[in-house]
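Undergrad: Produce the complete structure using the sequences and hints provided.
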Amino acid sequence: DAGITQSPRHKVTETGTPVTLRCHQTENHRYMYWYRQDPGHGLRLIHYSYGVKDTDKGEVSDGYSVSRSKTEDFLLTLESATSSQTSVYFCAISKSDLNSGNTIYFGEGSWLTVV
Amino acid sequence: KQEVTQIPAALSVPEGENLVLNCSFTDSAIYNLQWFRQDPGKGLTSLLLIQSSQREQTSGRLNASLDKSSGRSTLYIAASQPGDSATYLCAVTNSGNTPLVFGKGTRLSVIA
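Order-wise, the sequence lines are chains B and X. Just so you know, the numbering used here puts 14 at position 14 of the first sequence, and the rest follows in order with no gaps. The number in the numbering used here is simply the position in the second sequence, starting from 1, with 115 added.
Honestly, the hints are just simulated from the structure, not real lab data. Any given hint could turn out to be false.
Derived DSS-like pairs (lysine-lysine); straight-line CA-CA distance at most 27 Å [stated by the list, open to error]: (1) X:Lys116 x B:Lys57; (2) X:Lys183 x B:Lys11; (3) X:Lys116 x B:Lys11; (4) B:Lys95 x B:Lys70; (5) X:Lys157 x B:Lys11; (6) B:Lys57 x B:Lys11; (7) X:Lys219 x B:Lys53; (8) B:Lys57 x X:Lys157; (9) B:Lys57 x X:Lys219; (10) B:Lys11 x X:Lys219; (11) X:Lys219 x B:Lys95.
TA: Below is the structure:
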């Protein structure tokens, strides 16, 4: 357990509205990631962060923005939600261990439906 | 660009059978490889992590091997049980904290 909490866990929203998903961690890990998971595509990286106010794009970043104003919170915003953004969104953190290296741990997911 | 492939996409076996799940990656210059389990409607649970300098890792009935030069990893599950039914995902990273690149997973069903 890496102390990751995602909110909301389930949300239905209308096309064109902005949506923000929150990822909260309790262990002060530096690296955090947002992925989306879709049938036939697997898990794809949206954005990631390597520190406060330090973020970078992943392979499916269009239509998404992120912010990290403090270590424990990584926010994912859909600026104007579209039906193609209906998906399950997973937050992850990288936990470093001298013996085992960098292990990635995932949150429980946020199910988003855009109607 | 790193690409990860998992074969087969789905597998159904009787309880008690030993089985192997396969993962291949196109760029052999990986930093580490991680195997995950995902139950329906749930998040991903880390099973095993193999660093690039290692050949295998074991946890209980699970054994993961890594052959970097050939771009392959296998996850061996001994004496399978119905509770092992889940989707198993393989993912690699090419440097320390570079984001993981995932395969699409193998959906395993163990029939009692």
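Undergrad: Could you work out which of the previously given hints the structure breaks and list their numbers from low to high?
TA: Checked against the structure, the hints that fail are numbers 2, 3, 7, while the rest are satisfied.
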